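Peer 1: Here the structure of chain A is known, so what remains is to put chain B in place on it, guided by the hints.
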Amino acid sequence: MSGAAHIVGIAETTPGACRDDVNTTELVWEAVSAALEDAGIVLADVGGAITASQDFWEGRTISSMAVNEVCGATFKSESKIAADGALALLYASARIETGLDRLMLVVAHCKESQADPHAVELAAFDPYVQRELDPDETVAAGLQARLLDYPVELRARVVEAARRRSPWLDPLPEGAVAASPVTASPLHELERAPLMDAACALVLCDAETAARLGRPAVRVAGGGTATGRYWVDRDLARAGELRDALDGALDHAGWDGAPGHIELSATFAHQAILFGRELGLGSSAAVVDALEQGTLAPTGGALAGRPGVVAGLSAAAGCARTLRESGGRALAHGTTGLLAQSHHFVCLESA
Amino acid sequence: MSRAVAAVAVGQTDHVSRRLDVGIPEMVREAVDRCLETRDLSFADVDAIVVGNMEMFEGVNLVEHWLVDALGAAGKPVWKLNNGGTVGASIAIAAYYLVASGFHRRVLCVGFEKQSEGSAQSSITTVGDPVWERAVMAGAIGNFAAMTSVYVNESGVTAEQAAKVAVKARRNACLNPHAQLKMPDITVEDVLASDMLAYPVRKLDFCPSSDGACAVLFAAEDDAASLTAQPAWVHAAVTAHDQQYMGDSPKRLAEMRSLIEARRKGYAYAGIEDPVRDFDVAEIYEPATYAELAMYECLGFCEKGGGGRFIDAGVPELDGALPVNPSGGVLSANPVGATALIRVGEAALQVMNEAGEHQIPNVRTALATGYGGNAWTDLLILRGEKP
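Protein chains in written order, with our numbering: chain A, 136 to 486; chain B, 757 to 1143.
Only chain A is shown next, with the shape it has when bound in the complex (with noise of 0.2 Å):
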């Protein structure tokens, strides 16, 4: 990859728990409006749009329908992916690789809290032997976590570090995730990322607009995604995927490995230390203290409160921050599917 994407506006709303205050559209709106303000751009300027929702958590068959006027894609081009924010944000710097798109919105949206989580997770498991069964993304977690054993302390530790880093969740005193409900054993209901309504919108743009607007801007290096087997025909101990993913990554960017900046994003605290060893950052308790320490996820990532759906677009979006401010390398990642069955990484550094 050239490196031809730039971003050059970065907005998120204020996730909450029930934004009841908005629909979908306004929702959408306030993180484009804040995004395009950042990029000093209006909407008339954004020639298509690349939008991340899913149809059974917006309760609509194309759930873009609610969005794509505001993503100023009226008699011009959106495509929804219906995966997490990253692999929209890799098919919009797709985009602008060709030299046929050069500015773009990308945008990432979920308002869970309309949804009935056990329906729409129960969806997603197969429907002609599974289903009878009652099952949902929780139950499958929690025999992933009873295949890790990972202690229920170092687990705690987890989501109290991404509780600290959350400017809108407050922190969990010692001893609150253990003290929560049980919800599959091993699990307790804390350990689990909470259901949220938010928005995140990217403008990406190619290098001879980015430097017209004069914005500070981060470059996409590049990117990788991969999938990995259906979740009852791989080993859920290990996270094969994310390494395929991260490899594509690299190379793809042409980088020699990993930076020190990853914004991981992971649903169950598990997940987080799995993935941690799987990015080779050692034993279970060292990648513990990388999320505590904030070496690894410094935003919180999912666990931290931000939707499925949006929380690797917002890991984009945090390192993008940070980048603007310090320069040099991050990689963002975001999951889809059950137990993240898929992994996306994306390279990003300072233009």
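Treat each hint with caution, since some may be false.
Quick list of simulated restraints, FRET-style, between CB atoms [unchecked claim]:
(1) E460/A to D1034/B: 51 to 57 Å
(2) G417/A to G1027/B: 44 to 50 Å
(3) G1027/B to A346/A: 50 to 56 Å
(4) D801/B to A254/A: 37 to 43 Å
Some but not every residue of chain A turned toward chain B, in silico, with C-beta under 10 Å [to be verified]:
(5) V202
(6) S228
(7) T233
(8) E267
(9) L268
(10) S485
Here chain B is said to cover these stretches of chain A; the calculated rule only asks that three of the stretch's residues, wherever they fall, bring their Cβ under 8 Å from a Cβ of chain B [to be verified]:
(11) 190 to 196
(12) 331 to 339
(13) 386 to 398
Bear in mind the hints are in silico, worked out from the structure with no lab data behind them.
This one's a predicted model, so the numbers in the text were calculated from it and none came from an experiment.
A virtual CB, placed ideally from N, CA and C, is assigned to each residue, including glycine.
Peer 2: Below, chain B without anything else, positioned relative to chain A:
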């Protein structure tokens, strides 16, 4: 910067109203196998997969993950798009960009729908805004009937002219082994005598509900020629949206603003000046007969209001100056998530001279469109010559 991209292989299931012999993964695998087998390829020869369908139709969330083995996607990049009726063309456009940008070298596009395993009508109802539209937007047929009434009033097209589109489609379908509605003896009178669904749209004016899948392989310029002697090179890949509320685009079919905009951009990219002269064949996404007449106008095949006269003159027939939907079109098979990709695949087959009995002679330039959501358009132009 952009590198040339071509469609190099196409595979389809034989589309029917109910595939009781296969589940969704098996049906998808059938299309994938048929596509790869045409070039003696296997899963290992594919770098990435772009997949699309209407998830709520079958009620399977994150369906691409469940289908990962059928797609040959384990360990690979999987891109999932979900854009309504356009999705098949949207995934083709995504594949184009992913290859053109250098992100991937070979991308397999897979679109599918098994409508017999779900409820399309109830899912389509949720397309509308939940507060303002859903209570009165009862799925596709009523929506089309309202649009058609406006179009008939504006253009003066007749039911007989619309019926000719149905006759053309179902007769063309007899030459296509993958088509669902093959009616060799259908007449205009049959169409006019078919049940009224919602005035003025009759049963034979409308597309069927189908089970089916389609797979199209796209490859980069340095690779395509090694896979087939005649790649179908992409010269334009354009998307345009209309506004989301029906009330914001009141003329709809009579003035398909997204199609007109996509045409403007796409024709400019590909240097199309006179579409009837410059295209050798068109595969357009016509969910209903009246829509095809309106699309003739909005695509510039004829003057505004001239759609009826265009088919009266026989221009879009198999032996006409611009054959439209020689495959039988959407009116002859409509597995929604695959439908627009079938248009792209059929256009590619025509350019590759592999369309079989419905092959149009000497096709050099082909048009494919997708239609969905609130009158959104995808438009691709394929040619035998590399751009």
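Peer 1: Confirm or reject each hint.
Peer 2: Structure-based check of each hint:
1. For the pair E460/A and D1034/B, the supplied restraint of 51 to 57 Å holds, since their beta-carbon distance comes to about 53 Å.
2. Distance hint check: the CB atoms of G417/A and G1027/B are about 58 Å apart, inconsistent with the given range 44 to 50 Å.
3. With their beta carbons about 31 Å apart, G1027/B and A346/A fall outside the hinted range of 50 to 56 Å.
4. Checking the proposed 37 to 43 Å range against D801/B and A254/A shows it holds: the Cβ atoms sit about 39 Å from each other.
5. For V202/A, the interface hint holds, the least distance from its beta-carbon to any beta-carbon of chain B being 8 Å, beneath 10 Å.
6. Against a cut-off of 10 Å between C-beta atoms, the interface hint on S228/A holds, since the closest Cβ of chain B lies about 8 Å away.
7. A distance limit of 10 Å between C-beta atoms decides the matter here; for T233/A the minimum to chain B is near 4 Å, and the interface restraint holds.
8. Proximity of E267/A to chain B is violated relative to the hint, the smallest CB-CB distance being about 14 Å (cut-off 10 Å).
9. Taking 10 Å as the C-beta cut-off, the interface hint given for L268/A is violated, the closest approach to chain B being about 15 Å.
10. For S485/A, the interface hint is violated, since its Cβ never comes within 10 Å of a Cβ in chain B; the closest pair sits about 22 Å apart.
11. For the stretch 190 to 196 of chain A, the stated coverage by chain B holds: 5 residues have a C-beta nearer than 8 Å to a C-beta of that chain, and at least 3 were required.
12. A stretch counts as covered by a chain when three or more of its residues have a beta carbon under 8 Å from one of that chain; for the stretch 331 to 339 of chain A and chain B the count is 0, and the coverage is violated.
13. Counting residues of the stretch 386 to 398 of chain A whose beta-carbon sits less than 8 Å from any beta-carbon of chain B gives 1, not enough to reach three: the coverage restraint is violated.
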